[in-house]
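Chains A and B supply the protein sequences, listed in that same order. For the first sequence, counting from 1, position 129 maps to 221 in the numbering used here; every step adds exactly one. For the second sequence, counting from 1, position 92 maps to 753 in the numbering used here; every step adds exactly one.
In short, the hints are calculated from the structure, not lab data. Certain hints may be false.
Claimed, not checked - Okay, derived cross-link-like pairs now, BS3-like style, lysine-lysine, Cα gap no bigger than 25 Å in a straight line:
#, chain 1, residue 1, chain 2, residue 2
1, B, 739, A, 273
2, B, 922, B, 907
3, A, 109, A, 362
4, B, 903, B, 853
5, A, 247, A, 273
6, B, 752, A, 335
7, B, 903, B, 922
8, B, 813, B, 836
9, A, 152, A, 128
10, A, 362, B, 821
11, B, 713, B, 821
12, A, 274, B, 739
Remember, it's a predicted structure, so these values are computed and weren't measured experimentally.
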Amino acid sequence: MDSLYLAWRYIVFNRIKTLTLITCITLICFLPLALKTLLSVSEQQLLARAAATELLVGAKGNPLDLAMNSLYFSNEQPDLITMQASERVYNSSLALPIPLYVRFQAREHPIVGTSVDYFDFRGLTLASGRHFAMLGECVIGADVAKKLNLNIGDKLLSSPKTLFDLGGIYPLQMTVTGVLKKSHSADDNAVFVDLKTTWVIEGLGHGHQDVEKITDKQSILSNKEKLVTASAKIKQYAEITTKNLESFHFHGDPSVYPISAVIAAPIDAKSATILMGRYLGKKERQQIIRPQSVIQELLNNIFQIKDFIDAIIWIVSGAMILALLLVFNLSFRLRQKEIDAIFHFGCNRLTIFQLMASEILIITLFSGILCGLGLLLLQQYQTVIFNFLFIK
Amino acid sequence: MSTLPEKLSPLLAILSLIFITGAASANSPLTIAAANYPLKFFAEQIAGNQAKVAFPMPADIDPAFWQPNAEDIAALQKADLVLLNGAHYSKWLPKVSLSLFKQVNTSAVFRDQYIHQTSGVTHNHGEGGEHSHGETAFTTWLDFSLANLQAKSIYNALVKKRPASRQRFLIKLEKLQSRLSEFDHQLLELGKILNNAPLIGSHPVYQYLKNRYQLNLTSVHWEPEEAPNQQQWQAFQQLLEKHPSKWMIWEGQPAKETVEKLQSLGVSSIVFSPAGNIPDQGDFFSVMENNIQQLRSINPNP
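The task is simple: from the sequences and hints, build the whole structure.
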């Protein structure tokens, strides 16, 4: 006990030296363990979501972009396909389609255009409110609600594609109708709307004043028997309300409207194989992927890098341990006079050894506590860190 | 030798499919919502006590122009099936969010037979080019051969949900189709008897009836309960000069004043109800029987 007290007094007196030692030991322990934890979480998160999404249909191109955009709503934008791709899956009777249009953002959160079937497919439940039911309504993930401090009935404005996109996409003010329970997945960070709402954001559908009732001559360029040509002055609505909902309409054939991917939930393994076979034609412009294979390939690459990083960390850690041993050794040599004095006071060599060992024990104990706290924090925020590292 | 997870994967897939589609348990009746009365009637006839068919539209409106609120749609989202007429019938559909798996477009199989109209104001702004908010004719069930196909689509959707009841549904479908075919034959015969006699429809809802049964019918845009204004009467008289009809076919019972004025112009009124909404009396069969009876009252050679 006396040895511990004396060791503690020594450590408190030599604060800077002690802090340096604690930091070094903490980092040596924390870095490899943190990396291991992060990679394990990443693997778990990436693979679990990919495995739950058996098949994905998208435009031919980089399958990783398609998987990352569709599963984790990343900024990588795959080439677009049309709603006909969703109908194709449905008409095959081999799988059920869930179309996705992940292109726009609202205050730096991805807007995911889909159908209400997505929530059942992912097993997402509402913490409050209801699913989107009308054009212009949205359901937000738990993290979006927390970060933006949004509740049921609040408004959320979609962001223009670029800062100077003044003549392009009109921002749409959406109404929050539901907040999802936290799912510890990319869904927590997303804003969900009906596909049709994303098409309104894109400008394929809009609401405006009734052209037959406009009296302002500047708003109408010409009014022939069955053709009214409106000018840019015509008032287009930036928010869909119960009052103007009726005026919203779409132009053209909705089956050729854009989407980014289709989640295909096959009826059984045989259906999945048959469906995959239908996308193998040479002239095929769409691809069908198994996200699990794509993500596994990505992870294999990550693990190759991980092995390399692991090796470097072990070498650096080994060097640091040697350095620490040197530091302790030099420290004890520098304290030789002090040790001699203690010896002359009557302490035997065992007591001196206990004194030195207590100092090392206290320092490593503090390092262990700090390292443990760091790992606990890492586990607490693993999804946030995962999203930060891999999704955004 | 296959591993256990491999053996389980088809089962898991089926379970997930059931989970996705939100299928009700085999014993409880299916919850079905219909976009108009004919679809409700057909579904009830085919499903019998295996389904509860909801019809959320108020009694006093044309279901095609229903304006649902969020609560109405939230209720529809809970249904196992939502029967839609297709042919752009439900004007509310593009403005709401419904499960793609639950929607049944009963006219999708004869999409190529939709009748497209050219009326409606066209307008133009921005990059979208010219467009009209008009019109695909949507009272498809007045062509009873198409109504037959719609009934078959409902049957197919029901069988997908309840494969075990296939035989029971089939017997009921055949019974329904037999009645619809009877109407079809009667109207085909009637079309021949009418022998191209000019007819006027009070509202543009008889396109499929006209098409299938070879009726020489032109429609105006009048409402049965509203007396036409002076301008409408003038247009009507001009129409009579080009299209000398002695009969006007109404969707519902016209106002007495209108009937009398038409009579003074030598035009008799008969009612052929499309039965888009639930009839005040009787059912789809009795309304259609009455409609055919009304058409029979037309004498093409007075």
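Comparing the hints with the structure gives:
Restraint check: the Cα-Cα separation between residue 739/B and residue 273/A comes to about 20 Å, which is no more than 25 Å; the hinted pair holds. The hinted pair formed by residue 922/B and residue 907/B meets the criterion: a straight-line CA distance of about 13 Å does not exceed 25 Å. About 67 Å separates the Cα atoms of residue 109/A and residue 362/A, which puts this hinted pair outside 25 Å; it is violated. The straight-line distance between the Cα atoms of residue 903/B and residue 853/B is roughly 22 Å, inside the 25 Å bound, and the hint therefore holds.
Between residue 247/A and residue 273/A, the direct Cα distance comes to roughly 19 Å. Compliance with the 25 Å bound is thereby established for this hinted pair. Straight-line distance between C-alpha atoms of residue 752/B and residue 335/A comes to about 16 Å, which keeps the hinted pair within the 25 Å bound. For the proposed pair residue 903/B and residue 922/B, the alpha carbon gap of about 19 Å is at most 25 Å, so the pair holds. Straight-line distance between C-alpha atoms of residue 813/B and residue 836/B comes to about 12 Å, which keeps the hinted pair within the 25 Å bound.
Distance restraint check for residue 152/A and residue 128/A: the Cα-Cα separation of roughly 35 Å exceeds the 25 Å cut-off, and the hinted pair is therefore not satisfied. A threshold of 25 Å between alpha carbons decides the hint, and for residue 362/A with residue 821/B the separation of about 19 Å falls inside it, so the pair holds. Restraint check: the Cα-Cα separation between residue 713/B and residue 821/B comes to about 17 Å, which is no more than 25 Å; the hinted pair holds. This hinted pair checks out: residue 274/A and residue 739/B have alpha carbons roughly 23 Å apart, not beyond 25 Å.
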